[in-house]
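> Residues per chain are reported as follows:
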Amino acid sequence: MVNDLLKLAGSDAGKMVIGLVGVLLFVVVNALLLTWAERKIAGHMQRRIGPKEVGPFGLIQPIADALKLLGKEILTPAKVDKPLYYLAPTLIFVPVLVSFIVIPFDASLQVADINVGILVILAFSSITILSILMAGWGSENKYSLIGAIRSVAQNIAYEIPMLLALLPVVMLANSLSLREIVEKQQGLWFVVIQPLAFIIYFIAGVAETNRTPFDLPEAESELVAGYHTEYSGMRFALFFLAEYTNIFIVSAIAATFFLGGYQGPVLPGIVWFLLKSYLLVFVIIWLRWTYPRVRFDQLLNFAWKGLIPLAFLNLLITGGLLKI
Amino acid sequence: MVNGLIEEIKARVMGAEPVEVSYTEKGYHCALETSPDKLSGVVGFFDEKRFYLECLLCTDYTDYLELVYLFNTHLAPCRVKVALKIDPEHPVAPSIAAQYASAYWYEREIHEFYGVLFTGHPNMAYLFLHNGIDHYPMRKTKVPVPSEDQARLDSFKPGEEEDTFFINLGPQHPSTHGVLRVVLKMDGEYIERAEPVLGYLHRMHEKMAENRTYQQFLPNTGRMDYLGAMSFNLGYVLAVERLCAIPVPDRAKFVRIIATELNRICSHLLWVGAYLADLGALTPFLFVFDDREQILDVLEGVAGSRLTYCYFRFGGLYNDVDDEFIAGTRAFVKRMWSRFSLYEKLVTGNVIFINRTRGIGTIAKEQARKYGVSGPVLRSAGIACDLRKIESYSAYDGLEFDIPVGGHGDVLDTYKIRIAEMENSLRIIEQALAKLPGGPFMAEKVPKKLKPPRGDVYQVVETPRGELGIYIVSDESDGPFRMKWRVPSFSNLMIFPELAQGVLLADAVAILGSLDLVIPEIDR
Amino acid sequence: MIYGFIQGAASLIAGLGVTIRAFFQPVVTCQYPREVLTISPRFRGHTKLLADAENPEKNKCTACGICVKGCPSGSIKKVEGEKREGEKRKTATEYLLDYTTCSQCGICVEVCPFDALGFSHDYNGAGYKREDFHFDLVKQLKRSKVQ
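Residue numbers (my numbering), protein chains in the order written: chain A, 273 to 596; chain B, -1 to 522; chain C, 812 to 958.
Please note that the accuracy of each hint is not assured.
[Said to hold, decoys possible] The following residues of chain C were derived to be distant from chain A, with all beta-carbon distances above 10 Å:
| no. | residue |
| --- | --- |
| 1 | PHE834 |
| 2 | THR840 |
| 3 | GLU868 |
| 4 | GLU898 |
| 5 | ILE918 |
| 6 | TYR934 |
| 7 | GLU942 |
[Said to hold, decoys possible] For the chain C half of the interface with chain B, some residues (derived, Cβ under 7 Å), not all of them:
| no. | residue |
| --- | --- |
| 8 | PRO837 |
| 9 | VAL838 |
| 10 | TYR843 |
| 11 | ARG853 |
[As the list claims (entries may be wrong)] Taking lysine to any residue and the SDA-like style, the derived pairs with C-alpha atoms no more than 20 Å apart in a straight line are:
| no. | chain 1 | residue 1 | chain 2 | residue 2 |
| --- | --- | --- | --- | --- |
| 12 | A | LYS414 | B | LYS343 |
| 13 | C | LYS880 | B | LEU284 |
| 14 | A | LYS414 | B | SER475 |
| 15 | A | LYS414 | B | GLU187 |
| 16 | A | LYS312 | B | LYS447 |
| 17 | B | LYS205 | C | VAL920 |
| 18 | B | LYS343 | C | GLY881 |
| 19 | B | LYS443 | C | GLY828 |
| 20 | B | LYS446 | C | GLY828 |
| 21 | B | LYS183 | A | LEU292 |
Hint data in this document are derived by calculation from the structure and do not stem from the laboratory. All C-beta atoms, glycine included, are put in the ideal place defined by N, C-alpha and C.
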């Protein structure tokens, strides 16, 4: 019996199942942790404490919040386009889960090392936009609609520099597999060779996750809550969960591509990986609690007139230098 | 200025009989009576002379209604009261909204409260009241609303149009700071037309005043503008002191200045925080609250309250300041001077903030005059009009401070002006503390029951948001016969529809925030 | 343009410096239910009756009703008193204050010719129904004596 199970676990399908369960667990724990961290960091940056009553340092607070959201009545506004409205919060999870499959947490800790790993992530992350558009359109709310439209324009604009910033690394590593890219950084992190690409990627990543200063789709002072204005209870929590997981994914890819992934002395690989990723997550949170929001046209101008030409230039120079 | 003006009016405007009045007694320099057919000539004269319409109000004297137009110039105070008597049975007057944009709302307000019909006004719809009224609330006798007026008073309803859609910014919306509703006609992200809808916080303070004694109305003043409660308090006590000719001891004057300036800093700080929150930055909000808390602690120590202070009394103060207050104020001033560099780094220098605010909502000088805007919004257009200096009251004339002005009239200018005003307020407080005289804090022999002589007075003060004017008519009873509040936010909001035309939704929020609106003050 | 770009980037980094410094500075908030700030002596809570200096059992109110007339909001609903033997004036036996409409303006305190009213320092104004705030100040004074 036990042997059978071990055998099953050793097989490819079994590995996939265990991996998926692990990913799901990680997604939830990560999101809970990040909501806590966000509030705590925001608190201290504003000279206050943040959550502190539930559990030591308020650590249990996210669980209490999750319970509250679970216990809420699931409201469906009368005029919503039901299929779209119901599907959107579920669909937003697909790219999140798929991205985790290819991220190497450690040399041997990866659900599947697909040789076009980065393409999988970039291709699937576009689905996020689709679900945001569905949420905005299906809600039959003008604020939601504007939020969704903004989100689409923003994501299309920022996906390009993001891709263009990752390409030089792919060229340097000569591979699309994430594990190989990490292995290639044994001596030197790519951030040293490609600092501009790193900065462009990071800015585009912040914009992709709809975080301040690029949080236009949910700009609360203009659009109330943007595309999830009409969502409440657990459906709202799913959007929230996806948002925080996306932050982690963006940071994890940045760590993998530019900061040497799980490479590092003394400590085990996974610790290095998480350390680097969460450091970047901290920076993203830090940005949010420092800056005001940019305006819509400025955001698009910045991407099309600033980031994309710069990323192209960087790509050309890298390509040229590699040829020599 | 006044003499020359009187001569000129006599020469230029047919049949006008301007008389000079004592400014110290009345609060205006010159009064003149006119008739409906001559009104447009009089108004045209003032328009040509670059006067702005300060206030337009109506008083019901039972046997006649009196419309009062107050005209003034920005840089040299010369307030002219133009009175127009009309028949209460058939209250009709010509509209001056074509000449003065600020009259547009004032005339609507008078129409719904008094039933005066302004001929030539483009839209006589409700401004404050909703769902129909059966009689005009401010009339002294019960006058029913005729059915044709009921239809006219129908409140704003957006129609259906192709390719555009309507958005309700409010009444519950994060960036309207209260219950203001703005109906926006949108073309995508661009605003085609903006129409503010008021009255969600309408409490009819002006009617309340008619049913109360002068003392009893005192607590109401702070409830109108809860962020600049001291200034409103000060304006009211100054008006009543002018009406009853009550002298104020020097110590009280200086304490009033210190308290009002502290409150001004408090209000501007809150504006900085709330405005940055509008633009998406939430941390400055908490930082300004930290500073604001220090002021509130100091003021609570003397006034006993943290928001609606009600600290001033006719002839003086509620109670004297103690050493603790002076030490607390000194400590705050010292702390505040060192905080500006932090705001400079976090906000003023920030490239995102500058890009969001530069060149947005630009106000030209002429536009500012037509709409009668005041306060930092007016000064951003480059007009150095600060009533503390130009129409000095209390003991401001003995203190040194600057009037910060902007050059572009955009939103960034209003921000910079408010920051500079805080610095100037600190200077005023320092000087007032140094000069603070001893002696009584309350005038002797202020009667418990005030019975002022018959007549009217006007009193202005510079609140954090701009010019506050209080017009009181006394009929020798112990309460006001009529009290009109000319509030700064009301005039400042009037310019919003014009500024918002054709801008992005995000800019509209930035413009709306820069006006520093306090909704209970607009709605009264 | 490049200079502007560098300046912009520098301003963004300066902003980050402000928040990270605040992050490591001590908090300034008061952890309210755990710690309580001292209330300033002039704090205006709801009104209370003051006890007579000579006879702490007795309040100073003579039920003259001046405060009832003075109140702008009509919050003082009923003031009644009775004359005890050997005393010149009445003493209040009932003083009903409707705190829900009171705005703590203090006019009643100022008009009182006997200085019988003062401000309490009670700031925890929360209750489940309106009647929780219909105070009888005479009873409140007695209760505070017991405690």
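> All hints are to be evaluated individually against the structure, with a verdict given for each.
Hints and how they fare:
Annotated as non-interface, C/PHE834 brings its C-beta within 10 Å of a C-beta of chain A; the closest such distance is 5 Å. The non-interface label for C/THR840 is inconsistent with chain A: the shortest C-beta to C-beta separation is roughly 4 Å, within 10 Å. With 10 Å as the threshold on Cβ separation, the claim that C/GLU868 sits away from chain A holds: the shortest Cβ distance comes to roughly 44 Å. At roughly 54 Å, the least C-beta separation between C/GLU898 and chain A is larger than 10 Å, which holds for a residue marked as non-interface.
Every CB of chain A is more than 10 Å from the CB of C/ILE918 (nearest about 38 Å), matching its label as outside the interface. For C/TYR934, the requirement that its beta carbon stay farther than 10 Å from each beta carbon of chain A is met, with the minimum near 21 Å. Once the 10 Å rule is applied to beta carbons, C/GLU942 is consistent with being away from chain A; the minimum gap is 31 Å. Annotation: interface hint on C/PRO837 violated; nearest CB of chain B at approximately 12 Å, more than 7 Å.
Restraint check, C/VAL838 versus chain B: the minimum CB separation of about 10 Å is more than 7 Å; hint violated. Annotation: interface hint on C/TYR843 violated; nearest CB of chain B at approximately 13 Å, more than 7 Å. For C/ARG853, the interface hint holds, since its Cβ comes within 7 Å of a Cβ in chain B; the closest pair sits about 4 Å apart. The suggested pairing of A/LYS414 with B/LYS343 is violated, with an alpha-carbon distance near 36 Å, which exceeds 20 Å.
Taken as a hint, the C/LYS880 and B/LEU284 pair is broken in the structure, with Cα atoms around 43 Å apart against an allowance of 20 Å. Only pairs whose Cα atoms come within 20 Å are accepted, and A/LYS414 paired with B/SER475 is rejected, the gap being roughly 54 Å. Between A/LYS414 and B/GLU187, the direct Cα distance comes to roughly 11 Å. Compliance with the 20 Å bound is thereby established for this hinted pair. For a cut-off of 20 Å, the pair hint linking A/LYS312 to B/LYS447 is broken: about 56 Å separates their Cα positions.
Simply put, B/LYS205 and C/VAL920 have alpha-carbon atoms about 25 Å apart, too far for the 20 Å limit, and the pair is violated. Of the pairs offered as hints, the one joining B/LYS343 and C/GLY881 is violated, with about 52 Å between alpha carbons and a cut-off of 20 Å exceeded. As the CA atoms of B/LYS443 and C/GLY828 are separated by approximately 58 Å, the hinted pair breaks the 20 Å bound. Proposed proximity of B/LYS446 and C/GLY828 is contradicted: the alpha carbons are some 58 Å apart, above 20 Å.
A distance of roughly 48 Å separates the Cα atoms of B/LYS183 and A/LEU292; the hinted pair therefore is violated under the 20 Å criterion.
In summary, the numbered hints that this structure violates are 1, 2, 8, 9, 10, 12, 13, 14, 16, 17, 18, 19, 20 and 21.
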